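S.K.: Sequence:
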Amino acid sequence: MATLTSRDFNRDVSAAKRAASDGPVVITDRGEPAFVLLTIDEYRRLTAARGGIAERLRLDVDIEFEPGRIGSLPRAAEL
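In this text, residue positions in the sequence shown follow the UniProt record's numbering: the first is 1, and each later residue adds one.
I should point out that these hints are in silico values taken from the structure, not numbers from a laboratory. This structure is a prediction, so every number in the text was calculated from the model and none was measured. For every residue, glycine included, the Cβ atom is placed at its ideal position computed from N, Cα and C. Among the hints, a few may not be true.
What follows is a list of derived Cβ distance ranges for each label pair [to be verified]:
| # | residue 1 | residue 2 | range |
| --- | --- | --- | --- |
| 1 | Lys17 | Ile63 | 43 to 53 Å |
| 2 | Glu64 | Asn10 | 57 to 67 Å |
| 3 | Arg44 | Asn10 | 18 to 28 Å |
| 4 | Glu64 | Pro33 | 41 to 51 Å |
| 5 | Ile40 | Thr3 | 15 to 25 Å |
| 6 | Gly52 | Thr28 | 33 to 43 Å |
| 7 | Pro74 | Gly31 | 31 to 41 Å |
| 8 | Thr39 | Asn10 | 17 to 27 Å |
| 9 | Phe35 | Asp62 | 34 to 44 Å |
| 10 | Ala77 | Gly31 | 37 to 47 Å |
| 11 | Ala2 | Val61 | 33 to 43 Å |
| 12 | Asp60 | Leu38 | 23 to 33 Å |
Full structure from sequences and hints, please.
M.R.: Rendered as structure tokens:
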């Protein structure tokens, strides 16, 4: 994965775009990763609709689950 400083990115945006055609480009700010430059195709692939939260949490296999009976109910608090 290519890495550019924000200064290098500002100096030569065309080089950053060329590098992004080969894969994500990390752009650093003060030595820390701050941004990632992607092609639009890669961005769309990563953000493709995959359903809502319920769909994402759904398991692909059925799990048998039978909760046991509660032996006794909690007692009322004595105040």
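S.K.: Each of the hints needs a verdict: does it hold here or not?
M.R.: Comparing the hints with the structure gives:
1. Lys17 / Ile63: 43 to 53 Å: holds (47 Å)
2. Glu64 / Asn10: 57 to 67 Å: holds (59 Å)
3. Arg44 / Asn10: 18 to 28 Å: This hint holds: roughly 26 Å between Cβ atoms.
4. Glu64 / Pro33: 41 to 51 Å: Holds, at about 45 Å.
5. Ile40 / Thr3: 15 to 25 Å: holds (21 Å)
6. Gly52 / Thr28: 33 to 43 Å: 35 Å Cβ-Cβ, so the 33 to 43 Å window holds.
7. Pro74 / Gly31: 31 to 41 Å: violated (56 Å)
8. Thr39 / Asn10: 17 to 27 Å: holds (20 Å)
9. Phe35 / Asp62: 34 to 44 Å: holds (42 Å)
10. Ala77 / Gly31: 37 to 47 Å: violated (57 Å)
11. Ala2 / Val61: 33 to 43 Å: holds (40 Å)
12. Asp60 / Leu38: 23 to 33 Å: holds (28 Å)
Checked against the numbered hints given earlier, the structure breaks hints 7, 10 and satisfies all the rest.
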